[in-house]
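A.B. asks: Here is what each chain is made of, one letter per residue.
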Amino acid sequence: MSVPLHTDLSDPMLPVAVRIASVARETHDTCTLVTEPVDSGGLPAFQPGQFSMLYSYGVGEVPISVSGDPGVPDRLVYTIRSVGAVSGALVNRSPGDTISMRGPFGSPWPVEAARGRDVLLVAGGIGLAPLRPVIYHILRHRADYGRFTILYGARSPKELLFTKELKAWSAAPDTQVLTTVDTGGASWRGHVGVVTKFFRFVKLRPQQTVAMTCGPEIMMRFVMRELDAQKVADENIYLSMELNMKCAVGFCGHCQMGPYFLCKDGPVFRYAEMRRWMGGRHEL
Amino acid sequence: MNACLPDIRSAVRIDCQGLGSLIAAIRRRGYQVIGPHLQDGAISYGPIQEIEDLPIGWTAEQGPAFYRLQRRSDSAMFQYAAGPKSLKDFIHPSEIRLFSAVREEGAFRILPNSDPAPRYAFLGVRACELAAAGIQDRVLLEGRYSDPIYRARRGNSIIIAVQCSAPSEVCFCTSMGTGPRAEAGFDLALTELIGPGSHEFVVEVGTQLGAELLSEIEFSDASPDLRNQAQAATQAAAASIQRRLDTNGLREVLRDNFDHPHWDDVAQRCLACGNCTQVCPTCFCVNVEDSTDVAGQTAERWRRWDSCYSLAFTYIHGGSVRVSTKSRYRQWLTHKLSYWHDQFASSGCVGCGRCIAWCPAGIDLTQEVAAIRAATNQTEGTK
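Residue numbers (this note's numbering), protein chains in the order written: chain A, 1 to 284; chain B, 1001 to 1383.
Quick caveat, the hints were computed from the structure, so don't treat them as lab data. Nothing here was measured: the structure is a model prediction, and the numbers come from that model. Each hint should be verified, as a subset may be incorrect.
[Said to hold, decoys possible] If we take Cβ atoms under 7 Å as the criterion, some of the chain B residues that face chain A in the derived model are: (1) Gly-1143; (2) Trp-1302; (3) Thr-1314; (4) Gly-1319.
[Said to hold, decoys possible] With beta-carbon atoms standing in for the labels, derived distance ranges: (5) A:Ala-113 <-> B:Ser-1240: 52 to 60 Å; (6) A:Pro-206 <-> B:His-1341: 30 to 38 Å; (7) A:Ser-10 <-> B:Gln-1039: 34 to 42 Å.
The beta-carbon is built from N, C-alpha and C at its ideal position, and this holds for glycine as well.
Construct all of the structure, not just a fragment, from the sequences and the given hints.
C.D. replies: Take a look at the structure:
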């Protein structure tokens, strides 16, 4: 077995080089990069929900969640939306290019704790990417979980990620995938509206449901409201939080929210931990 | 030269010449002595070659938004409270290169920063500053990850403390339980005693290294009377501190008053300049900046102090999270006095008062906390 290239714990700010094996264009501004080790060393394993700090030479470093399959070793997959200088540089990479990474860092989605229970995923926009490893994991171990529901919203049809996969996932046993867009178009035949409207159609079994959500904070606040109404307990609801991150190891201080460092205490939190710090506040 | 090695926890006596010899002995071991000196109209930390570099005969008057050097009538070297710099400026430096990278055959190679860590000997460190270094240790060394830059510099350092006998008007270490007497965390601790015709130091030995340093210089026994004088000096200092921060339940008071109207009041005065975060000996936040040379052949990553008062601090795609000055002051104060307990099991404040003296608007956190507390008690009383 190859030796994983874990970020050197004696210097957690020092990145390691990785090679881009392939680039898949997902939408007009979003690409999925598959990275592989540059030498005989391996890549570290990751848990669904974790993120890496990806560095584009000379431009900078940003936190990006791993979006690949946890069952495939030595490949770390990232789905990146171009929203700034660094993410823009990363999505413009070509196969064979070198970037560097630190990580993976952070707390995972509760795929083990959710074993035997119904799982509800609610994703908005690029928020589907950090949840995709959970989907791969559950579909690979389908018998270990109860009902599986994926609710996904995007701004418009051209912003939808992983459209082929969405179709394939909905064909899996006892799995429901519902997709909606804020604004359709003449050719759109699907649902229109915010993702939370699906709560009117979806029959949850609140006692045995574990919910995981990732998306814009405003979306997650409304998801919390719906889950509250459905009586899903706070400790069975998980969210992935985002703030500015410069180090991912608790040194830079940027990602603090209440008592938490989102990088090392999160990014995945139970709503029970987060409720006090996000409920209804305009600023943190 | 004394052949004998003084015991740890014992105390001896040296005079001004002895202090000069101590500085020389430390320098002979290859350490850079960092101590108080006059710089930019303040008593600040900087390189000390010899005893004459110390601010002999100077003190400083401090108050909210106020710091002025003053002449003393004697030749005291350590009779003033903390200046703008602290150990943080040296062991958690304001800017440092983390690595450089060079382009190579279509890829790039990362070259770690291999500069050796400086060996500092800090002279004149007060109890509050030792407490602050202890707090930074918990942040930067004792968590899941440890910062190699801080680790090397902190581990390499010698600490010659000075027992504080001249607190300023902004000091409130007695409220935070951090001073004025340093009990541990030093190699040697001096108490400066000045009388008619005498200028001497009681030296407490904290470590084996401290004892070895003393063995290289001239010292004598500290008489019981002299030790009593040293004790009395810090006791008098403690008694002279007027400023108070009521820490009772403070963690909850700030946590539970996120929407208190007093935050708007502070925001009217706060300039969001970040001075308080720069002079605070525990504020640790940094930015990480990447750049290249013009040709793009080499890249560097630098770490620089940052401040939660800047708008960019919380920038994510689409905008900043803490837009108002109110939200940024609230974050700073609530982190320092409340969330810090959750994160690092202590307050983030040592009561040094730097943020009060160096705030251009003279914002005094002890008064802001008192105002929030008073109004909270009022509302509770009327419920």
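A.B. asks: Now look at each hint and say whether the structure bears it out.
C.D. replies: Hints versus structure:
1. Gly-1143: holds, 6 Å
2. Trp-1302: B:Trp-1302 check fails; min Cβ-Cβ to chain A is 11 Å, beyond 7 Å.
3. Thr-1314: It holds, given that the least Cβ distance between B:Thr-1314 and chain A is near 5 Å, below 7 Å.
4. Gly-1319: Where the cut-off is 7 Å and the nearest Cβ of chain A is about 11 Å from B:Gly-1319, the hint is violated.
5. A:Ala-113 <-> B:Ser-1240: 52 to 60 Å: Cβ of A:Ala-113 to Cβ of B:Ser-1240: about 57 Å, so the range 52 to 60 Å holds.
6. A:Pro-206 <-> B:His-1341: 30 to 38 Å: holds, 35 Å
7. A:Ser-10 <-> B:Gln-1039: 34 to 42 Å: holds, 35 Å
Hint violations for this structure: numbers 2, 4, all remaining hints satisfied.
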